[in-house]
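Student: With the hints as your guide, set chain B onto chain A.
In the order they appear, the protein sequences are chains A and B.
Going by the numbering used here, the first sequence opens with residue -19, and the numbers climb by one from there.
Going by the numbering used here, the second sequence opens with residue -19, and the numbers climb by one from there.
What the hints contain is simulated information worked out from the structure, not anything from laboratory work.
This one's a predicted model, so the numbers in the text were calculated from it and none came from an experiment.
Just so you know, not all the hints are guaranteed correct.
Note that the list lumps identical chains together, so a pair holds whenever it fits in one copy or between two copies.
Claimed, not checked - Calculated pairs, SDA-like style, for lysine to any residue (alpha carbon to alpha carbon, straight line, at most 20 Å):
no. : residue 1 : residue 2
1   : K110      : G229
2   : K409      : R163
3   : K110      : Q227
4   : K110      : R197
5   : K410      : E381
There are 2 protein chains.
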Amino acid sequence: MTRPAPHPPLPEPLVAALRERLGQRFSQGESVRLQHGRDESVHAPEPPDAVAFAESPDEVAAIVRLCREHRVPVIPYGAGSSVEGHLLAVRGGVSIDLSGMNRVLAIHAEDLDATVQAGVTRKQLNEALKGTGLFFPIDPGADASLGGMAATRASGTNAVRYGTMRENVMAMTVVLADGRIIRTGGRAKKSSAGYDLTRLFVGSEGTLGIVTELTVRLYPVPEAMSAAVCTFPDVDAAVNTVIQTIQMGVPVARIELLDALTLTAINRFSKTTLPERPTLFFEFHGSATAVAEQAEFVQQIAGEHGGEHFQWATRPEERTRLWQARHDAYFACLQLKPGGRAFPTDVCVPISRLAECIAATNADLAQVSIPIMLFGHVGDGNFHLVVLVDPANEKEMAEAEWINERVVERALAMEGTCTGEHGIGLGKKKFMLREHGDGAVDVMRALKRALDPDDLLNPGKILP
Amino acid sequence: MTRPAPHPPLPEPLVAALRERLGQRFSQGESVRLQHGRDESVHAPEPPDAVAFAESPDEVAAIVRLCREHRVPVIPYGAGSSVEGHLLAVRGGVSIDLSGMNRVLAIHAEDLDATVQAGVTRKQLNEALKGTGLFFPIDPGADASLGGMAATRASGTNAVRYGTMRENVMAMTVVLADGRIIRTGGRAKKSSAGYDLTRLFVGSEGTLGIVTELTVRLYPVPEAMSAAVCTFPDVDAAVNTVIQTIQMGVPVARIELLDALTLTAINRFSKTTLPERPTLFFEFHGSATAVAEQAEFVQQIAGEHGGEHFQWATRPEERTRLWQARHDAYFACLQLKPGGRAFPTDVCVPISRLAECIAATNADLAQVSIPIMLFGHVGDGNFHLVVLVDPANEKEMAEAEWINERVVERALAMEGTCTGEHGIGLGKKKFMLREHGDGAVDVMRALKRALDPDDLLNPGKILP
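Looking at chain A on its own, in the form it has when it is part of the complex:
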């Protein structure tokens, strides 16, 4: 990764103005800056010049206006759990930490929606929903903030049934580059009233505006849920089970693939004793009869592909334990190489190409020396590689880059995407032209210029 050009220090009048406005909630301390200039990946930290802890949309707007007067970049910060360098202050500037904006503003149980501040995390929202009979399904590995999840168009294990942040954000409050505050969308379930600003800001990674509040869809907790684990003789058999399940239209709620090495990592980290073989995790939601019917049908499909040891978890605590293990997979993998860092990548392909894509990827993995785990949301055609590296080891980094390039090129050749849910950040900018073509990227650049003419909102991200 090339070092960016050095940038000038923050102007003193800006520092003074921010300090006056925020008091103790403005910091130039080394450790605070470092914490806000790194993410959960292998990207080398790039600390911002300062961190501003905001407590309201008006305060975010005031910070943006002050920084703009001095042509200083601003970078929104939620939980710090992104993995493509989204948070790195490559041109310096002020990190706006929204984690203190963590109030659930309204739960409209009868309309199946909730409005939250951007710093509310997915687990916090689900805690707040206890007793309402509703839940929020989007669940990336980390307990990310909903603002950050909107910014990266996050998804997770439930997306195969409930969609991603694209489908589940209804409305937003956004601070624009000039400090104006707008509302996008609304609480009607659908609308044909003008350009879809909500979906323009979802996935824009803080480069077009800063999300400060959002309204998301909720779902009734299903009458019945059951989860199952099933092992397979090889990855191909597991993937073909997934493909057939999806093509038959079974409304499975979750269907996750984990390869043998991921199971090893999970067993060590989560003290489980799951067979260390290619495995599918399933979950079914619906009425009691619908769940039983779906489960039986999928078990039959799995059996035809050599699936065995179907283990059921219908009690809530068993299900929770299983899915907690799945959510911890990323962190479990990290433990396999103490002192190492993860180079995570994710791609997504049309389901018909998934078996071929994963088989060819596994052939690549056999050619490198570093440990690599493969797992993911295969019901969507989306899978992850977690490549464990010592960032100081050039050979390991070169192998990781090679694997990343190979898997992305293959996904693109199969009409897929270079990232299903992690986002572009810094790490995948180089694939944007190959995925979208010059014309579409030019349109994205025109949108960026239209909404952020001075290039101050999280500069250097997404656009090559």
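Tutor: Structure of chain B alone, referenced to chain A:
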């Protein structure tokens, strides 16, 4: 409606160039122009200066480039079934008729998607899908073109279960204002790779680019389907049945309200003998047991609200007859006033406000002299009014405008939208600021300037 300022005739060199390029597929004939300058509503026709019948994306691009050289507006035309004046050539220019671009380019049955040219209609696509076990669910009243449906973010009776064009367009080929052709999106089920251009063009009504091809999601034909009709003592009872069904999370495929006058219109037009009372039409999709379970549950809810005469239609021809009658409701209503025109409007509100919104609307309807039918996709909180008027009668037009204003204001006050599925066009521009606020409309204007700096793509629409 005010007449626009007169516009200059088409420059002769442009006419010559278009004629040379298109031959017989370029027309300045009166009847062709008139046909392309009117829609299915009460808006006074505004014919374009000429009509160009395009046969490929390259040809659309060439027409756009030629028109741009001469600063002449272009207006995309699909099936001509829009209802808010979307097609009217308020600043003259060339209507680009895409109805000849009607090839189904690819059906990827294993991936549950299809790629079509923009002129393919929804019924044509479903014909092409026969034998694949798949269907395309989005069904506005008319047999609209898929390009036009994308442009207006259309939905229909199935949206409560399958979403709208927003959720069901995966990728597009779009001709930009400068004649460049771009691809947006892709065939992966999800992606976090940059700005969501697909959803920016969906709903943009031809003002940001011209959709020439699109890839849409398909769904497996359910194992079982059953439809039912149930009458209620009043509209309120029917609406409360809908609200409870949605709030309980029943995955109903269709749930449509029709008021008594709409039933009268339908009986006359479709030769049916349905009771002329407030009625719900239902449809359930799923496995045989799931359908039976859902139907029984909803019947019970309906019973608690005084619903009676639950009539089932499980045989395909019965179901088809029922839904054909529903789809023909708009045209059926028109027949109630021979020689009249329809002033259709649609709004959408959060489901918790639906009963109150419809009750207050019915109180308004009692105050006017003109016949007005109320029906719609109430599972989404979306309903239509079809106001029958003689456009030459000032009193009737004033009453229609009053009703439209009242219902929209009420929907906006309830955090709803001024249009659930018809779009803005000319007719609802005046509500854009009230719905979105100055800031959000300014952002939309900035997007328009960024992508169409000369204001040549369907000018005068959406933005006030």
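Student: Tell me the hint numbers this structure goes against, listed in increasing order.
Tutor: none
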